[in-house]
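Student: Please assemble the complex out of the two chains, which come individually in their own frames, going by the hints.
Top to bottom, those sequences are chains A and B. 214 is the number that numbering that gives the first Met the number 0 gives to position 215 of the first sequence; each next residue is one higher, with no gaps. 53 is the number that numbering that gives the first Met the number 0 gives to position 54 of the second sequence; each next residue is one higher, with no gaps.
One or more hints might be untrue.
As the list claims (entries may be wrong) - Computed from the model, here is a short list of chain A residues facing chain B with C-beta under 10 Å:
#1 D145
#2 K155
#3 A189
#4 A233
#5 R236
#6 Y237
#7 G238
#8 A241
#9 N242
#10 I245
#11 P246
#12 G267
#13 I268
#14 G279
#15 L282
#16 E286
Please keep in mind that the hints were generated in silico from the structure rather than gathered at the bench. Glycine included, every Cβ here is placed at the ideal spot set by N, Cα and C.
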Amino acid sequence: MANPRTFQIQEISAHPGPIPGRGTRREEPVCKYIDVTTCIGCKACEVACVEWNDHPFRETTFNDTYQTMPTTEWNYYNLIKFVEDERDGNLMWLLRKDQCMHCEDPGCLRACPADGAIIKYENGIVDFQQENCIGCGYCISGCPFDIPKFNEQTNKVYKCTLCSDRVGQGLEPACIKACPTGCLRFGTKADMVQIAGLRAKQLREVSGFTSAGVYDPPSIGGTHVIYVLHDINAPQRYGLPANPIIPPSYTYWKWIAKPAGLLLGLLGIGAVFFHRVFYGPKLPQPEPLEVRTGPREEIDAGRKETP
Amino acid sequence: MSTTAKKFDESARGEFARFGTTRVHRGELLRHPVYTRFLHWSVAIFFVLSLLTGFAIYSPWLFHWIAPLFGGGPRTRALHPWFGLLFTIVFFFQFLNWMGPMAWREADRRWLRRLRHYATNEEPIEPEDVGFFNAGQKLYFWAIVVSAILFLITGFLMWFDNVIPRWVVAASYVIHDIAALVMLGGFIIHVYEGTAHQPGTFHSMIDGTVTESWAWTHHPGWFRTLTGRDAREAYEREKQRLDERPR
Numbered sequence: 000m001a002n003p004r005t006f007q008i009q010e011i012s013a014h015p016g017p018i019p020g021r022g023t024r025r026e027e028p029v030c031k032y033i034d035v036t037t038c039i040g041c042k043a044c045e046v047a048c049v050e051w052n053d054h055p056f057r058e059t060t061f062n063d064t065y066q067t068m069p070t071t072e073w074n075y076y077n078l079i080k081f082v083e084d085e086r087d088g089n090l091m092w093l094l095r096k097d098q099c100m101h102c103e104d105p106g107c108l109r110a111c112p113a114d115g116a117i118i119k120y121e122n123g124i125v126d127f128q129q130e131n132c133i134g135c136g137y138c139i140s141g142c143p144f145d146i147p148k149f150n151e152q153t154n155k156v157y158k159c160t161l162c163s164d165r166v167g168q169g170l171e172p173a174c175i176k177a178c179p180t181g182c183l184r185f186g187t188k189a190d191m192v193q194i195a196g197l198r199a200k201q202l203r204e205v206s207g208f209t210s211a212g213v214y215d216p217p218s219i220g221g222t223h224v225i226y227v228l229h230d231i232n233a234p235q236r237y238g239l240p241a242n243p244i245i246p247p248s249y250t251y252w253k254w255i256a257k258p259a260g261l262l263l264g265l266l267g268i269g270a271v272f273f274h275r276v277f278y279g280p281k282l283p284q285p286e287p288l289e290v291r292t293g294p295r296e297e298i299d300a301g302r303k304e305t306p
Numbered sequence: 000m001s002t003t004a005k006k007f008d009e010s011a012r013g014e015f016a017r018f019g020t021t022r023v024h025r026g027e028l029l030r031h032p033v034y035t036r037f038l039h040w041s042v043a044i045f046f047v048l049s050l051l052t053g054f055a056i057y058s059p060w061l062f063h064w065i066a067p068l069f070g071g072g073p074r075t076r077a078l079h080p081w082f083g084l085l086f087t088i089v090f091f092f093q094f095l096n097w098m099g100p101m102a103w104r105e106a107d108r109r110w111l112r113r114l115r116h117y118a119t120n121e122e123p124i125e126p127e128d129v130g131f132f133n134a135g136q137k138l139y140f141w142a143i144v145v146s147a148i149l150f151l152i153t154g155f156l157m158w159f160d161n162v163i164p165r166w167v168v169a170a171s172y173v174i175h176d177i178a179a180l181v182m183l184g185g186f187i188i189h190v191y192e193g194t195a196h197q198p199g200t201f202h203s204m205i206d207g208t209v210t211e212s213w214a215w216t217h218h219p220g221w222f223r224t225l226t227g228r229d230a231r232e233a234y235e236r237e238k239q240r241l242d243e244r245p246r
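Isolated chain B (complex conformation) (with noise of 0.2 Å):
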């Protein structure tokens, strides 16, 4: 399964790249290729307007100014559980493009341990085990693969509710809601570690590519596979540099 899995990712991944193409200038390095973007910028676009959909549903009084972006409060009601399996669909290839990657691994507790370090920007690099994706990345991953299964599972007896026990629905209700809520709590963080936190994060996911800075600061253990180079040392090394250099 994985295998094929693994074959399919790859195959996209050429394909794709046939189409798109990923300029990396001098000093920086290849961070998402055109399929890892294209896969990011389609669960995107289907989470928000599964979002916004899910907005005008879970509170019409306060969201009810939402409904006539989608034609009115049934329409919106009607394309909701459509945008939701879009969204589960795309995000089953992402889970397969990303799954690799997002495999939890010993560093990624003693990560969790320092979150406040991290949260306070206390340190000027992260520590060198830091690879591809950092715990949080990871954490946010997988409560949406959770979540996903959940809002799968849950959407499609609130979807046939004429058939499903009035108490099993009720208790989709429930647990839908609890999923929506902890997936926006981690889209806010998402979407502010990858625009006004994290400069060059964005451009990442949009162009594909990150300065050497950038990939030495956030992810030292990619950092190191991908050049080779330590990051703690290329950090300090640039940092003599630019100290060294007349002012």
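Here chain A stands alone, though its shape is the one from the complex (with noise of 0.2 Å):
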């Protein structure tokens, strides 16, 4: 959770007006690069995010793994997934580092109802904002990498923020700073996707894994975390998403459907107010007194010819 001005706001979830102060100034995406092959599993990173965010230490379950725990939490921005695979017959191990993507195109900010519970920064950080969270959930469901995670004590959700505070500062997220190996970079977009396509190039031209790649999904404009995978063919074994995609209710539900729907049913209020109006009550019948309908001299003249 930045403080709101250290960036350039980009988007701002729910927001139905114009994005304050959109377009002043330039700012170059960041991006930050996990290459998979060369991750040893030991979880500097991990313990990085906990100790820079004040988190405290968790509970966790013993499911046969080397895993911390089964998955990211509200307090558990990051995690090494250990995955147990096979190459040649051997036992391999698939060690991703898993946090929120940054997409271009968030489905948190799609999914999200609040006005300004989530801000996506110009730079590609996509920040919650927890003050504005309602914490209906619609996040967690919009996210196509199951990332956001609901506190039962705040009633609210939280997520890897990317440090933006630390990079609203200059200085490179947490996790980054902690690997030991230098399988974690940051820097802007355009660097770290170059550097991910040399090492692709190297894994497949020296290393031998001919179908190594980079996991920046187009489907969602691309993401602002991406990995060198030693087969880019099957992301799915890392568990990633081959082909993320955000539910299209987030967009045409929520922006079309959603205020029609409503502005039809208030319209109602405005209908049976008019119809009172027009039409008048229904009384029990036959109703007591005299009644005159018609044109209002018709009533007058009427009024003058009687005694």
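Tutor: Structure (structure tokens):
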């Protein structure tokens, strides 16, 4: 949760008006680079994340794996997934650092109905603003990577901030700083894509991983966290969706049908009001008094004629 | 099943009649016993609470002023499913209570065909075949039954969104919203008809009684089964009496 003034804001969830101050300052898109092939599973990034965000230690469960816990949690933004795979008949660990992907087209922000609860900065960081969060959980279903997590105590949702508070001060995210192998890097998106491309090429040509590649899914406009994978053709093996998509209802239903439906419903109030004005009440019959209807002049004329 | 439901409903009605009273004055008819009124207002309270908290979640940028009434956004969101659950529970008993008179009949199709005449107050009294409820009321009732089922199913799917697949949850939001909009439209008409449009109707849900003239005007079929008199005839006689009255 960075100070909103730190970065130029690009998008605000469910915000009906213009974005304050948008387009007044240029900002370079940032990116986190994760080389899955050189991760050794030391979990230094996990510890750095917990430390920087001042999260308390939480209990976990033992599931016959080296993985710290089954999934990321509201106070555990960063988790190395220890996937046990196979290569040439031997065990092969796929060690994937799981955290928010900071999508260019963020499903959480699309889904969020609360004005200002999710903000995307010009540099690509997607940040939750818990003071505006209503805890509805729409972002949880909006996310293709199952990242936002609900906190039962505060009734709000939390996720990785890409250390927007550090990045705003010109520092790299805590996980990057802690990584001992250099499999994590941080910089501009263009630089990281280039480095990742070179590394994938090296894996293909030198290391014998003929289908190595970069995971930067175009279906959500790319992400501000990119992976170098041994096998780009099967991201599911790493627990990544091959083709992450956002339910279209979060665009069409939210911005067109929802307001239109509400308007129609509320027009009903106007409709019954004017129905009453035009047609009057339905009184128990017969009504005790004589009723005169017609143009004003006729009624007035009738009145004059009666003695 | 339906006989046990009926038996339960009858005993509940009896129990409530021991505590609550309904005074029927001369020239009045008993329309809603205490039990029915209790159910109606319980449903109404939880419906309005669900509606208000729902608005605050539906579009916070428009209804952010509702959330503080319930203790802020997250509290409003946490309360909404409980209000909704209580609504469906009390409505279930209302359903048992009204299942019989709400049954769809051939006469209701005829009523719907002349809906325009009804809406423009063309006829002084309703046709002979309009019973305890007219087709509009029945439509609203069955719309609530369908909506309540949809609310319950989609509501639970959304409540446990951490274990339900995200596509199912996303679809649930849309279905839940559509059901809510249908209910909102019906609710507006229902409140209007019950208060401003048809004087005497609100009284029937508060005190349980209606005047005979209200009964033969709005529900002639029910008037006939209750009093054995013909609605049109009663209406004409009353009209004649008023006409002959010296001014």
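Student: Take the hints in turn and mark each one as holding or not.
Tutor: Structure-based check of each hint:
1. D145: Holds: closest Cβ of chain B sits about 8 Å from D145 (chain A), inside 10 Å.
2. K155: With a minimum Cβ separation of about 6 Å from chain B (threshold 10 Å), the hint on K155 (chain A) holds.
3. A189: It is violated, given that the least Cβ distance between A189 (chain A) and chain B is near 31 Å, above 10 Å.
4. A233: Violated - the Cβ of A233 (chain A) stays beyond 10 Å from chain B, reaching only about 21 Å at its closest.
5. R236: violated, 20 Å
6. Y237: Not OK, violated: Y237 (chain A) not within 10 Å of chain B, min 19 Å.
7. G238: Nearest chain B Cβ about 15 Å off; hint violated.
8. A241: Hint violated; A241 (chain A) Cβ to chain B Cβ min 16 Å, cut 10 Å.
9. N242: violated, 13 Å
10. I245: Constraint on I245 (chain A) satisfied, holds at 9 Å.
11. P246: This interface hint holds because 4 Å falls under the 10 Å limit.
12. G267: Interface hint status for G267 (chain A): holds (4 Å vs cutoff 10 Å).
13. I268: Nearest chain B Cβ about 6 Å off; hint holds.
14. G279: Hint holds; G279 (chain A) Cβ to chain B Cβ min 7 Å, cut 10 Å.
15. L282: holds, 6 Å
16. E286: holds, 8 Å
Of the hints listed earlier, those the structure fails to meet are numbers 3, 4, 5, 6, 7, 8 and 9, in rising order.
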